[in-house]
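Trainee: All chains, full assembly: derive it from the sequences and hints.
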Amino acid sequence: MNIEIKDLRYTYPTGLEAISGISLSIKAGEQVAIVGQNGAGKTTLVRHFNGLLQPTAGSVMIGDWETKKQSVAKLASRVGYVFQNPDEQLFSKDVITEITFGPKNLGYSKEKIDSLVGRALAFTELGDRAELNPYDLPPAWRKMVALASIIAMDTPIIIFDEPTTGQDSSNINRIANVIAKLRQEGKTVITITHDIDFCAENFERVIALSKGKVLLDGPARDVLGQEKVLAQTYVDPPQLTRLGKKLGLKETVRNQEEFLKAMK
Amino acid sequence: MAFVNLKNVTYKYPLTDKPALQNINLQIKEGEFVAIVGPNGAGKSTLCYTLAGFAPHFFKGELSGTVEVAGKISNQSTLDEWVLNVGLAFQNPFNQISGAKYTVFEEIAFGLENIGIPRDEMKKRVEDAMTLTGITDLADRSPYSLSGGQQQRVALTSILVMRPKLLVLDEPTSQMDPIGTREVFGTIRKMAEEGMTVVLVEHKVEWIAEFADRVIAMHNGQVLLEGNPSEVLTSNVLIKNGFGLSRYTSAAREAKKLGIWKKEKLPVTLDEAVEGFKK
Chain D
1 MNIEIKDLRY
11 TYPTGLEAIS
21 GISLSIKAGE
31 QVAIVGQNGA
41 GKTTLVRHFN
51 GLLQPTAGSV
61 MIGDWETKKQ
71 SVAKLASRVG
81 YVFQNPDEQL
91 FSKDVITEIT
101 FGPKNLGYSK
111 EKIDSLVGRA
121 LAFTELGDRA
131 ELNPYDLPPA
141 WRKMVALASI
151 IAMDTPIIIF
161 DEPTTGQDSS
171 NINRIANVIA
181 KLRQEGKTVI
191 TITHDIDFCA
201 ENFERVIALS
211 KGKVLLDGPA
221 RDVLGQEKVL
231 AQTYVDPPQL
241 TRLGKKLGLK
251 ETVRNQEEFL
261 KAMK
Chain W
1 MAFVNLKNVT
11 YKYPLTDKPA
21 LQNINLQIKE
31 GEFVAIVGPN
41 GAGKSTLCYT
51 LAGFAPHFFK
61 GELSGTVEVA
71 GKISNQSTLD
81 EWVLNVGLAF
91 QNPFNQISGA
101 KYTVFEEIAF
111 GLENIGIPRD
121 EMKKRVEDAM
131 TLTGITDLAD
141 RSPYSLSGGQ
151 QQRVALTSIL
161 VMRPKLLVLD
171 EPTSQMDPIG
181 TREVFGTIRK
191 MAEEGMTVVL
201 VEHKVEWIAE
211 FADRVIAMHN
221 GQVLLEGNPS
231 EVLTSNVLIK
241 NGFGLSRYTS
251 AAREAKKLGI
261 WKKEKLPVTL
271 DEAVEGFKK
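If you're matching them up, the sequences are chains D and W in order. Here the first sequence is numbered in our numbering, starting from 1 and rising by one per residue. Here the second sequence is numbered in our numbering, starting from 1 and rising by one per residue.
These are computed hints drawn from the structure, not numbers from a lab. Quick caveat: nothing in here was measured; it's all calculated off a predicted structure. Heads up, the beta-carbon is just placed ideally off N, CA and C, and yes, glycines get one too. One thing to keep in mind: the hints can contain errors.
Unchecked claim - Below, simulated DSSO-like cross-link-like pairs (lysine-lysine); rule was C-alpha separation at most 27 Å, straight line: (1) D:K245 x W:K257; (2) D:K181 x D:K27; (3) D:K250 x D:K261; (4) D:K246 x W:K278; (5) W:K263 x D:K264.
Claimed, not checked - Some but not every residue of chain D turned toward chain W, in silico, with C-beta under 8 Å: (6) Y12; (7) N38; (8) G39; (9) T56; (10) G63; (11) D64; (12) A140; (13) D168; (14) R242; (15) L243.
Mentor: Here's what the structure looks like:
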């Protein structure tokens, strides 16, 4: 299911224009990272995909639906959105109820719900925590519950808003595995992140936003190598990309494998 | 005399069996910049709450041993005495913002109002603190209208403005853009050089190596290792216990197996990596 954004503008009720003319298309099954400085409009942009925000001007199409003409409840069957702060999202008394809530509301059969919940628990390695109250879990695991409860809805498009914030390296690996599994299933994954190394290691396409506009958009290798342009939106290239440049490597390297290969 | 002195500190949250901190002994000098690393659940945030007096004053629970900061003992002081010396910026800025103020400027002044700072001085201090963290353009916005990273800067500023002797920061840049993160680290370093003692919980190890004086690695509520950042952050003990490494360290570790990295010591920062990989 494709996403088509045309001439999107959004002004908050306070008068602040957060999106100043963005046109983009994201194809079904793409893995896209959105990067850019604080206040660049990243979260404002993705909140248009599930109708939490409606364009001030322009349009957003999710498949054949224009978001303006659909309710948030209906869009929820196509676009899952994992909040930046899990505390804004979680409300159930235990993990399993939380994860079951989404698919249940989409009206799936009991069998389908059970299988989706099982899959979400397995993807996020929450199986042994299913009976606990989400608020008794440390913040890092609450984030995994937030992820699981959206994955369980089986939407073709999934948005993660800063999934790696406050996570240690093992949980970041778990999140990378979740994204890899969703990719295998053909889902579209859109992720906002400041963790540029995580971005380089897990995404093929990178969109850099700056002041409500698209600054760069393209394959990760092309975008992440442009140190000077990225600096305009307060983003540094990945660690090994910077190291490769300093060492005078000709190609832009994105990860350890590419770096070691180029050094041989 | 250490400025921060923790002796045999064990702390248990209410209704739990297992202590979140177990027998912590820790001395920090005045003006020292100490970074705490460790996997999720290691006790890093609990240590911050203990230094800030929230444990046990606010969270209750059981604290044994002594927590001493600037010559005062936490369970012999009240929380309102304690906050004059120690400031804590929360991991999640949303939990810190008061909800009682309409603008960022007022939010930052909130702490100063509560300790009775005169109006003119308060305005000056708020303006200075906002300049220091680069948020003067947010002064009239509502704290709740800001992006995650902007909120985090406001949360940090509202602690800095109090000029605490001990500044405790629990992942203060987790939602900030990369260059913004570097700027904030520079600001914190400057505060330490001016005499503020800093304890910082952080996952971004390449920055720790560049800015902190010392690293404390925590695991299961205990101190696993402490020392010089470039030693601790490349130690095998950390690697075995599932701590995060900088990409430079991981790459050099693999490169060493392939014979591309020839030095004994692994790098943590970009400069160390460039130096070792060069020629």
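Trainee: Decide, hint by hint, whether the structure agrees.
Mentor: A quick look at each hint next to the structure:
1. Distance check on the hinted pair: K245 (chain D) and K257 (chain W) sit about 23 Å apart at the alpha-carbon level, within 27 Å; holds.
2. Restraint check for K181 (chain D) and K27 (chain D): satisfied, since their Cα atoms lie roughly 18 Å apart, inside the 27 Å limit.
3. Restraint check: the Cα-Cα separation between K250 (chain D) and K261 (chain D) comes to about 12 Å, which is no more than 27 Å; the hinted pair holds.
4. Proposed proximity of K246 (chain D) and K278 (chain W) is supported: the alpha carbons are some 9 Å apart, at most 27 Å.
5. In summary, the hint linking K263 (chain W) to K264 (chain D) is supported, as the alpha carbons are separated by about 16 Å, within the 27 Å threshold.
6. Of the supplied interface hints, the one on Y12 (chain D) holds, with its beta-carbon coming within about 7 Å of a beta-carbon of chain W, less than 8 Å.
7. A cut of 8 Å between beta carbons decides the hint on N38 (chain D): the least distance to chain W is about 3 Å, and the hint holds.
8. For G39 (chain D), the shortest C-beta to C-beta distance to chain W is roughly 5 Å, which falls under 8 Å, so the interface hint holds.
9. With its C-beta approaching chain W no nearer than about 16 Å, T56 (chain D) sits outside the 8 Å limit, and its interface hint is violated.
10. Look at G63 (chain D): its Cβ only gets to about 29 Å from chain W, farther than 8 Å, so that hint breaks.
11. At about 32 Å, the closest approach between the beta carbon of D64 (chain D) and any beta carbon in chain W exceeds 8 Å, and the interface hint on this residue is violated.
12. Because the beta carbon of A140 (chain D) sits about 4 Å from the nearest beta carbon in chain W, less than 8 Å, this interface hint is met.
13. Hint status for D168 (chain D) relative to chain W: holds, with the closest Cβ pair at about 4 Å, below 8 Å.
14. A hinted interface residue such as R242 (chain D) counts as satisfied when its beta carbon comes closer than 8 Å to some beta carbon of chain W; here the least separation is about 6 Å, so the hint holds.
15. Contact between L243 (chain D) and chain W, as hinted, is supported at the beta carbon level, the nearest pair being about 5 Å apart and thus within 8 Å.
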